[in-house]
Amino acid sequence: MAKNDINETSLDMLKEITDWEGLFDGAYSIRQDGTCADMRSTETIRIVPKTDNPGIDIYISAGKKKDTVYIPACVTKSGVDDVVYNDFHVQKDADVIIVAGCGVHTTDDEGARHNGIHRFFLEPGSHVLYKEKHIGKGVGNGIRTIDPVTDIVLGENAVLEMDTQQLSGVDKTIRKTKAKLDRGAKLVIHESILTDADNVAETDFEVVMEGEDSAVDLISRSVAKGESRQAYHSHIIGNCRCTGHSECDAILVGNGKVDASPALYAGDLDAALIHEAAIGKIAGEQIIKLQTLGLTEEEAEEKIIEGFLTGVE
Amino acid sequence: MLTLQNIHWDLPDGGELIKGVDLEILPGKLTVITGPNGGGKTSLAKLIAGLYTPTEGKIFLNGEDITDKSITERAKAGIAYAFQQPVRFKGLSVKQLLQIASGTEMKEFEMCHVLEKVGLCAAEYMHRPLDTHLSGGESKRIEIATVLARNAQVMIFDEPEAGIDLWSFSSLIDTFEKLKTEKSGALLIISHQERILNIADEIVLIADGQIRAQGSRDDVMPQLNINGRGCGCPLGREVVNG
Numbered sequence: 001m002a003k004n005d006i007n008e009t010s011l012d013m014l015k016e017i018t019d020w021e022g023l024f025d026g027a028y029s030i031r032q033d034g035t036c037a038d039m040r041s042t043e044t045i046r047i048v049p050k051t052d053n054p055g056i057d058i059y060i061s062a063g064k065k066k067d068t069v070y071i072p073a074c075v076t077k078s079g080v081d082d083v084v085y086n087d088f089h090v091q092k093d094a095d096v097i098i099v100a101g102c103g104v105h106t107t108d109d110e111g112a113r114h115n116g117i118h119r120f121f122l123e124p125g126s127h128v129l130y131k132e133k134h135i136g137k138g139v140g141n142g143i144r145t146i147d148p149v150t151d152i153v154l155g156e157n158a159v160l161e162m163d164t165q166q167l168s169g170v171d172k173t174i175r176k177t178k179a180k181l182d183r184g185a186k187l188v189i190h191e192s193i194l195t196d197a198d199n200v201a202e203t204d205f206e207v208v209m210e211g212e213d214s215a216v217d218l219i220s221r222s223v224a225k226g227e228s229r230q231a232y233h234s235h236i237i238g239n240c241r242c243t244g245h246s247e248c249d250a251i252l253v254g255n256g257k258v259d260a261s262p263a264l265y266a267g268d269l270d271a272a273l274i275h276e277a278a279i280g281k282i283a284g285e286q287i288i289k290l291q292t293l294g295l296t297e298e299e300a301e302e303k304i305i306e307g308f309l310t311g312v313e
Numbered sequence: 314m315l316t317l318q319n320i321h322w323d324l325p326d327g328g329e330l331i332k333g334v335d336l337e338i339l340p341g342k343l344t345v346i347t348g349p350n351g352g353g354k355t356s357l358a359k360l361i362a363g364l365y366t367p368t369e370g371k372i373f374l375n376g377e378d379i380t381d382k383s384i385t386e387r388a389k390a391g392i393a394y395a396f397q398q399p400v401r402f403k404g405l406s407v408k409q410l411l412q413i414a415s416g417t418e419m420k421e422f423e424m425c426h427v428l429e430k431v432g433l434c435a436a437e438y439m440h441r442p443l444d445t446h447l448s449g450g451e452s453k454r455i456e457i458a459t460v461l462a463r464n465a466q467v468m469i470f471d472e473p474e475a476g477i478d479l480w481s482f483s484s485l486i487d488t489f490e491k492l493k494t495e496k497s498g499a500l501l502i503i504s505h506q507e508r509i510l511n512i513a514d515e516i517v518l519i520a521d522g523q524i525r526a527q528g529s530r531d532d533v534m535p536q537l538n539i540n541g542r543g544c545g546c547p548l549g550r551e552v553v554n555g
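Chains as they are written, first to last, in the working numbering: chain E, 1 to 313; chain X, 314 to 555.
The shape of chain E in the complex, shown without the other chains (with noise of 0.2 Å):
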């Protein structure tokens, strides 16, 4: 498939999952409907397809100054089922932004799906920042799924940060995260997920900190709206001198429902781990306070849960 093959609805998507202005600056992989739409590699950023999965292998190596790369697919139509195996191989002392996110487009009454299989292989000393946006859009019934597998491995002191975020319109997720922690290593996971009408939604972590100073610090912020259902399970278990932190705040509008579940394991004497989570409706005090600066109600419930969603840059 040429770059000019990308349609009109990937473009549109593009837009909203990754900033998308035409082109990419750097190295990129853009998938549309269970195939490659356009690649390119750059001199520290090496994309090679695989040859016996659907998918890639990123190959990153440490650069003069901070890449990028752009991994990002869409589902344009209904029928499809996605599955990709991607594959981050993070050399030594690389630093790196990493822009994923998917978009699904349904266009009747029968189901679209993309489901990416994300492994990251993380080197001593190197550091990831991840940013994926999730986002389902069409006509019809449709239900639009995406289903991100992600496992992790850091390696001595590595860091990777990830930002994750579902937008609107995904019917059905399952999102399952496991990670793997080595010494000195540090995972950070922002999570924020949006559902509304019957949208159901569920994350799933499991960390293992073995390395000495290792450190994990899961956020999850989620709204559910409507009549939607969210469930956040986390699990850290440190078995060795190791912080953890897990935290799910979830805001209910409507007859939204949420099941959180953060689990904690301690394994050595030093290591320390906390949890936390606060399941409730938006404060009424935060809604008059913004309409006594002018808001309707409507405006500020809106405005309440973009930030809580979003967070303070």
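Possibly wrong hints are sitting among the right ones.
Which residues of chain X face chain E? A few of them, derived with a C-beta cut under 10 Å, are [unchecked claim]: (1) S415; (2) T445; (3) T459.
Derived EDC-like pairs: lysine to aspartate or glutamate, alpha-carbon spacing no greater than 16 Å straight-line [to be verified]: (4) K64/E <-> D87/E; (5) K389/X <-> E299/E; (6) K403/X <-> E43/E.
Derived by calculation from the structure, the hints in this document are not laboratory data. Built from N, CA and C at the ideal position, the CB exists for glycine as well.
Here the structure of chain E is known, so what remains is to put chain X in place on it, guided by the hints.
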């Protein structure tokens, strides 16, 4: 500018908290409402801002009846209210709240001018989240700044001194004095603080839901018994005498 006519307000359980208040708030003046706790001061402010609806009576702003207008409509009409207890927001920054308050994309220097009036530095505070990372005093000053940013016709400050340190309070007094001279609108402050009472053009004493006294500082201050001891019960008299 702002006229309250025979305002009554009942608590949800039926008890009457505001009992027939008539009040005229004039432009270019600083009016301070004072009085004992539970006397109805904050309730009156909330009735003006639209947080409560009177069970009887009328409220007029520049001659227009606003009694049945919503909180939002009153805010748009020119009434701004700084809460006694600041509201915290998870995910909103000081900058975002001030921009909502001003209704514009405030420039940094404009934000600097507003925050300076409450003794805060924009460079330090603009991007701070409005959550538990701010102290009570910082939150309170930002709450006051939201009203200053609105540049409203009627600015209501509910116990602005609460939780604010002495140094910041002094600069806040200066800010209120400047507002008096710079603005054509009305300033309404609910306070027990003598230093605020001292800068008032008009003092209104409210107790038990009614106006007990109203007039200039010289007229009303002697009736406040600020330096009085105890509550006047026999137990207090025994301590004083003892």
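Hints not upheld, ascending by number = Structure breaks hints 2, 4 and 6.
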